[in-house]
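A.B. asks: If you're matching them up, the sequences are chains P and X in order.
Each step along the first sequence adds one to the number in this note's numbering, with nothing skipped, and position 59 is 673.
Each step along the second sequence adds one to the number in this note's numbering, with nothing skipped, and position 98 is 324.
Just so you know, these hints were derived from the structure itself, not from any lab.
Be aware that a few hints might be false.
[Unchecked claim] 25 Å max Cα-Cα, derived BS3-like pairs, lysine-lysine:
id: 1; chain 1: X; residue 1: 392; chain 2: P; residue 2: 727
id: 2; chain 1: P; residue 1: 797; chain 2: X; residue 2: 236
id: 3; chain 1: X; residue 1: 481; chain 2: X; residue 2: 236
id: 4; chain 1: X; residue 1: 481; chain 2: X; residue 2: 468
id: 5; chain 1: X; residue 1: 236; chain 2: X; residue 2: 392
id: 6; chain 1: P; residue 1: 809; chain 2: X; residue 2: 481
Letter by letter, the chains look like this.
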Amino acid sequence: MDKFNTLTGIAAPMPLVNIDTDMIIPKQFLKTIQRSGLGKNLFDEMRYDDNGNEIPDFVLNQPAYRDAEILIAGDNFGCGSSREHAPWALLDFGIRAVISTSFADIFFSNCFKNGILPIVLPEDQVRHLMDDASKGANARITVDLEAQVVTASDGTQFPFEVDAFKKHCLLNGLDDIGLTLEKVRKIDTFEDTAKTLYPWA
Amino acid sequence: MTAPKTLYDKIWDAHLVDQADDGTCLLYIDRHLVHEVTSPQAFEGLRMTGRTVRAPQKTIAVPDHNVPTTEGRENPDQMPEESRIQVAALDKNASDFGIHYYPVSDVRQGIVHIVGPEQGWTQPGMTIVCGDSHTATHGAFGALAHGIGTSEVEHVLATQTLIQRKAKNMKVEITGKLAPGVTAKDITLSVIGATGTAGGTGHVIEYCGEAIRDLSMEGRMTVCNMAIEGGARAGLIAPDEKTFEYVKGRPHAPKGATWEAALAYWKTLYTDEGAHFDKVVTLRGEDIAPVVTWGTSPEDVLPITAVVPAPGDFTGGKAEAVKRSLEYMGLTPGQKLSDIEIDTVFIGSCTNGRIEDLRAAAAILKGKKIKDGLRAMVVPGSGLVRAQAEEEGLAQIFLDAGFEWRLAGCSMCLAMNPDQLSPGERCAATSNRNFEGRQGRGGRTHLLSPAMAAAAAITGRLTDVREMMAETV
Ligand code: SF4
Chain P
615 MDKFNTLTGI AAPMPLVNID TDMIIPKQFL KTIQRSGLGK NLFDEMRYDD NGNEIPDFVL
675 NQPAYRDAEI LIAGDNFGCG SSREHAPWAL LDFGIRAVIS TSFADIFFSN CFKNGILPIV
735 LPEDQVRHLM DDASKGANAR ITVDLEAQVV TASDGTQFPF EVDAFKKHCL LNGLDDIGLT
795 LEKVRKIDTF EDTAKTLYPW A
Chain X
227 MTAPKTLYDK IWDAHLVDQA DDGTCLLYID RHLVHEVTSP QAFEGLRMTG RTVRAPQKTI
287 AVPDHNVPTT EGRENPDQMP EESRIQVAAL DKNASDFGIH YYPVSDVRQG IVHIVGPEQG
347 WTQPGMTIVC GDSHTATHGA FGALAHGIGT SEVEHVLATQ TLIQRKAKNM KVEITGKLAP
407 GVTAKDITLS VIGATGTAGG TGHVIEYCGE AIRDLSMEGR MTVCNMAIEG GARAGLIAPD
467 EKTFEYVKGR PHAPKGATWE AALAYWKTLY TDEGAHFDKV VTLRGEDIAP VVTWGTSPED
527 VLPITAVVPA PGDFTGGKAE AVKRSLEYMG LTPGQKLSDI EIDTVFIGSC TNGRIEDLRA
587 AAAILKGKKI KDGLRAMVVP GSGLVRAQAE EEGLAQIFLD AGFEWRLAGC SMCLAMNPDQ
647 LSPGERCAAT SNRNFEGRQG RGGRTHLLSP AMAAAAAITG RLTDVREMMA ETV
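I would like the entire structure built from these sequences, with the hints used as guidance.
C.D. replies: Printed below as a string of structure tokens:
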């Protein structure tokens, strides 16, 4: 998992509420053998018409937002199924942070497992950032995880909360595997002992 | 003196790498079995993070879930594109990461839970995981065997450990002797019938008692295989002489002095006198009859001599569920189970795809024909089971009776390959799940033993195998 420290990037506004995981990545893309490569189908049904052509109005199809790294979204982002394909698709597109008033539980924790920072802010602050993002590519927003602050392009700062353990994992790029690998010494020792005790195993 | 331990306690303690204050443990994994469906993203994860497989020599891969079971399948064109891609991905991952691999072209290929024991990978006292819930099968050797998810597959590949919390201990004892015509499948289904599909939740089950001791290794695997349908995290049977005999001489079994050392250790793997079990269930072997399932949950099980129950026989939410499942199954309360006509017979799966299962079915089928118009297939659990059955003349018995004789794989157990039921089609199956749509959309599944499946194939309806045994005597 990539470390997350400070991110300054283009933020795309998606004011829609209840954006569910089916919208984020429709079920026909779950038969993939990969986690990567899902970015092109991110928001597939909102993004492409029946013939596979881009729908120009959709925010991520607009020139200003094609390289967005942050999403500012309406309430209850990521509701629906538990599919880890949703954060996989966001990450593959290049999204590293999502800001909303609320998130669905499972999606919220799936984000952390995949190096994406979901940030919960009060409604008025999200609206401020939404307006800021709507200004286009020049309106870069900064997310500072260490300091736990979001800075709008006009310099306004919004502090946010984050679980201390999850913060530690993200800052250091640690997933479950990363954490276990911190104990690699213990695994080595175990293996050494096991080799003597159970050489056949 | 140390406190008496259960078999589960002993294996757990021997694999504990680390224990956090909150009880989260890191468990060392001795064998990791991998198949094509739940592993691609895990390998992809390794690539994305630049990690490797920590212990490729302990990792074994085999495609089984969606491979075709018809001749000529080495030709990838036989597979639908998505299956072909998944199998090709496993080919590549096995070769890139240097893990043991049994491709479809290899006679040793088969269902992962049959290949592991057959090749001697599965041994007493080991921890074994696979991205598949029926990993419980390996518990028959006195190994702690867990099914895991894709993220955990990646975790085990990278670290050779699994993050776990300890489960509770449950004892299922089958006392006395089984009556003629009653098999391991009847035991394991009857246990689920008695405890329900949530009866083992949060527990690791140790099966014991005379009737379990009397079972062959094949039978014990059948019993442990369905521990998961009983809700348990794993099933275990203490190893004994039969276990050691089965393991001895297999390609990956210990040899020479190492064998002796292993044997000495394996003999310590039993539950100590006075060890604590959180839950105990006892069944009398004599009370177990040949059973079939009538509904859409493995707990919907009754002796073949019984009748289809009514929703009113149940209370609470189950009554509603029974109503729904009878509708789905197209059955009427009060109807005799032995009057239920079937369209298809499937003999195979990791529950009952081993040589002994084929022998049991062939013994009933010998010199007989399946009912006109019936579709019947045998899908051996591995290429080696298939070869042995051919050598023993069993294949010919099946073919003469009118069965299709297939290549090894999961096949109609989960219908990911082209072997599927059509809507309303009724199947007598030796597999382990009778969920709605499991064997194909709208398909109706009755779970039973291989001998019972053979009997049903002959009459075209669910049949008490004991009647046919009386005939042959
Ligand atoms: S045979 Fe059936 S239960 Fe066994 S591994 Fe294959 S699909 Fe799963």
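A.B. asks: So, for every hint listed, does it hold in this structure?
C.D. replies: Status of the hints after comparison with the structure:
The straight-line distance between the Cα atoms of residue 392 of chain X and residue 727 of chain P is roughly 23 Å, inside the 25 Å bound, and the hint therefore holds. A C-alpha spacing of about 23 Å is found between residue 797 of chain P and residue 236 of chain X, which places the hinted pair at or below 25 Å, so the restraint holds. Only pairs whose Cα atoms come within 25 Å are accepted, and residue 481 of chain X paired with residue 236 of chain X is accepted, the gap being roughly 24 Å. For the hint linking residue 481 of chain X to residue 468 of chain X, the alpha-carbon distance of about 17 Å falls within 25 Å, and the restraint holds.
The straight-line distance between the Cα atoms of residue 236 of chain X and residue 392 of chain X is roughly 12 Å, inside the 25 Å bound, and the hint therefore holds. As the CA atoms of residue 809 of chain P and residue 481 of chain X are separated by approximately 16 Å, the hinted pair is consistent with the 25 Å bound.
When held up to the earlier numbered hints, the structure conflicts with none and fits them all.
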